[in-house]
Each structure stands twice: as C-alpha cells, then as structure tokens.
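Novice: First residue of the sequence shown? That's -13 in our numbering, and the numbers climb one at a time after it.
Don't read these hints as lab results, they were simulated from the structure. Heads up, a few of these hints could be off.
Have a look at the derived ranges for each label pair, beta carbon to beta carbon [as the list claims (entries may be wrong)]: (1) S(-9) <-> I100: 35 to 45 Å; (2) A0 <-> V95: 36 to 46 Å; (3) K17 <-> E80: 27 to 37 Å; (4) D44 <-> E64: 13 to 23 Å; (5) E80 <-> E(-7): 17 to 27 Å; (6) A0 <-> L87: 10 to 20 Å; (7) W62 <-> T22: 40 to 50 Å; (8) G42 <-> T21: 28 to 38 Å; (9) G42 <-> S(-9): 36 to 46 Å.
Calculated lysine to any residue pairs in the SDA-like style (CA-CA distance at most 25 Å, straight line) [what the hints assert, rightly or not]: (10) K18 <-> D8; (11) K17 <-> D(-12); (12) K107 <-> A9; (13) K18 <-> G7; (14) K18 <-> D44; (15) K17 <-> E80; (16) K17 <-> Y(-5); (17) K107 <-> L6; (18) K17 <-> Y32; (19) K107 <-> Y32; (20) K18 <-> T(-10); (21) K18 <-> D63; (22) K17 <-> L28; (23) K17 <-> G42; (24) K18 <-> D(-4); (25) K107 <-> H10; (26) K18 <-> D(-12); (27) K17 <-> T78; (28) K107 <-> T78; (29) K107 <-> R74.
From the three backbone atoms N, C-alpha and C, an ideal C-beta is built for every residue, glycine too.
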Amino acid sequence: MDRTSQEVYDAGMAVRRQVLGDAHVDRAEAKKDATTEDFQNLITRYAWGTVWTRPGLDRRMRSAVTITAMVAGGYWDECAMHLRAALRNGLTREEIQEILLQCSIYCSVPAANIAFTLAQKVFAEVDADLEAGRPL
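Assemble the whole structure, with the sequences as input and the hints as a guide.
Specialist: Right, dumping it as structure tokens:
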C-alpha cells in the first residue's frame, strides 16, 4: 500500500527525531524559513521518511553507512551529527572507532584523522550531556 505524502513526512519526522533527537530537530525547525523550508521538507520526506524507514537495514547499519559516507565526502558538520546519532542508534564507541579505522583505509588517513578528532569532541559532549541529565 502506498503511503500518502503526509504519511511519508510524518514517518520521516518521527524517525528524524528518534535518530537525531528532539533538540536537534527543534533547532533545525526553528531556523527554517522561506529559503530553507523546501529543503527541510525534502530531507524529512526522502532521507528520513523514505530511506531511513525502509526495512532492509537496521538503524545501526544505516548509521555505520552514513558515517562512512560523511567521512568519504568530507561533510564534517554532518559527520559530527551522525556520530552522535550512531550512539543513539545503539552503536558503541568501540564500533564507531572501528568504522573510522576502516575509513582510514578506504577514505584516506587524513579524513579519518579529522573524523577521530570529531569523535573525541562528540564523545566528550555526550558525556557532559549525560552527566548533566540531558538526553543523548
């Protein structure tokens, strides 16, 4: 059964919130304006509502693939966001480190070096948030 456009959007927003966290999505939604509204809707519908809701991969695997793609492309802001999301999706820090080691071979050592630095920063932020009682 085909889903309506609104159902795809709603499913996408639900997954987006589960993966990235309410605080991140709320910030993105608050910054949305006439310039970015169509783009934000596209992300919600297609990335989150169509791809991330497919049954073929679980969220842990999707996070692993996404981190690798962000490292390969050098998309560092998105990489940091998805490192945090990977923890929310159940990847361990050790698994993330292994993903980044794999990236050092297939994406480049310099790219992995940046990604490891980002991971250190994200892990420290997560630790601080958890100590302060804020959600992951």
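Novice: Confirm or reject each hint.
Specialist: Right, here's what the structure says about each hint:
1. Between S(-9) and I100 the beta carbons are some 38 Å apart, a value that agrees with the proposed interval 35 to 45 Å.
2. Between A0 and V95 the beta carbon distance is about 38 Å. The supplied range of 36 to 46 Å therefore holds.
3. K17 and E80 have their C-beta atoms about 34 Å apart, which keeps the hinted 27 to 37 Å range intact.
4. Against the hinted window of 13 to 23 Å, the Cβ-Cβ separation of D44 and E64 comes to about 20 Å, which satisfies the hint.
5. Checked against the hint of 17 to 27 Å, the C-beta distance between E80 and E(-7) comes to roughly 37 Å, which is inconsistent with it.
6. For A0 paired with L87, a C-beta distance near 33 Å fails the hint of 10 to 20 Å.
7. Checked against the given bound of 40 to 50 Å, the beta carbons of W62 and T22, roughly 20 Å apart, lie outside it.
8. In this structure the supplied range 28 to 38 Å holds for G42 paired with T21, their Cβ-Cβ distance being about 34 Å.
9. Separated by about 22 Å at the C-beta atoms, G42 and S(-9) break the suggested range of 36 to 46 Å.
10. Distance restraint check for K18 and D8: the Cα-Cα separation of roughly 15 Å lies within the 25 Å cut-off, and the hinted pair is therefore satisfied.
11. Between the alpha carbons of K17 and D(-12) the distance comes to roughly 31 Å, so the proposed pair goes past 25 Å and is violated.
12. Between K107 and A9 the CA atoms are separated by roughly 18 Å; this keeps the pair inside 25 Å, and the hint holds.
13. At most 25 Å may separate the alpha-carbon atoms for a hinted pair to count; K18 and G7 meet this at roughly 17 Å.
14. Between K18 and D44 the alpha-carbon distance is near 29 Å, which puts this suggested pair outside the 25 Å criterion.
15. Only pairs whose Cα atoms come within 25 Å are accepted, and K17 paired with E80 is rejected, the gap being roughly 34 Å.
16. At roughly 18 Å between alpha-carbon atoms, K17 and Y(-5) fall within 25 Å of each other, so this suggested pair holds.
17. Note on K107 and L6: the hinted pairing holds, with a Cα-Cα distance of about 17 Å set against a maximum of 25 Å.
18. Using a Cα cut-off of 25 Å, the hinted pair K17 and Y32 holds, with the two alpha carbons roughly 20 Å apart.
19. For a cut-off of 25 Å, the pair hint linking K107 to Y32 is broken: about 29 Å separates their Cα positions.
20. A hinted pair counts as satisfied when its Cα atoms are at most 25 Å apart, and K18 with T(-10) qualifies at roughly 23 Å.
21. At most 25 Å may separate the alpha-carbon atoms for a hinted pair to count; K18 and D63 meet this at roughly 18 Å.
22. Annotation: proposed proximity of K17 to L28 holds, straight-line Cα distance about 15 Å (limit 25 Å).
23. Taking the CA atoms of K17 and G42, the gap is about 32 Å. The hint is violated against a cut of 25 Å.
24. Distance check on the hinted pair: K18 and D(-4) sit about 17 Å apart at the alpha-carbon level, within 25 Å; holds.
25. Distance hint between K107 and H10 is fulfilled; the C-alpha atoms sit about 17 Å from each other, no more than 25 Å.
26. Simply put, K18 and D(-12) have alpha-carbon atoms about 28 Å apart, too far for the 25 Å limit, and the pair is violated.
27. With a CA separation close to 31 Å, the supplied pair K17 and T78 exceeds the 25 Å bound.
28. Proposed proximity of K107 and T78 is supported: the alpha carbons are some 15 Å apart, at most 25 Å.
29. For the hint linking K107 to R74, the alpha-carbon distance of about 16 Å falls within 25 Å, and the restraint holds.
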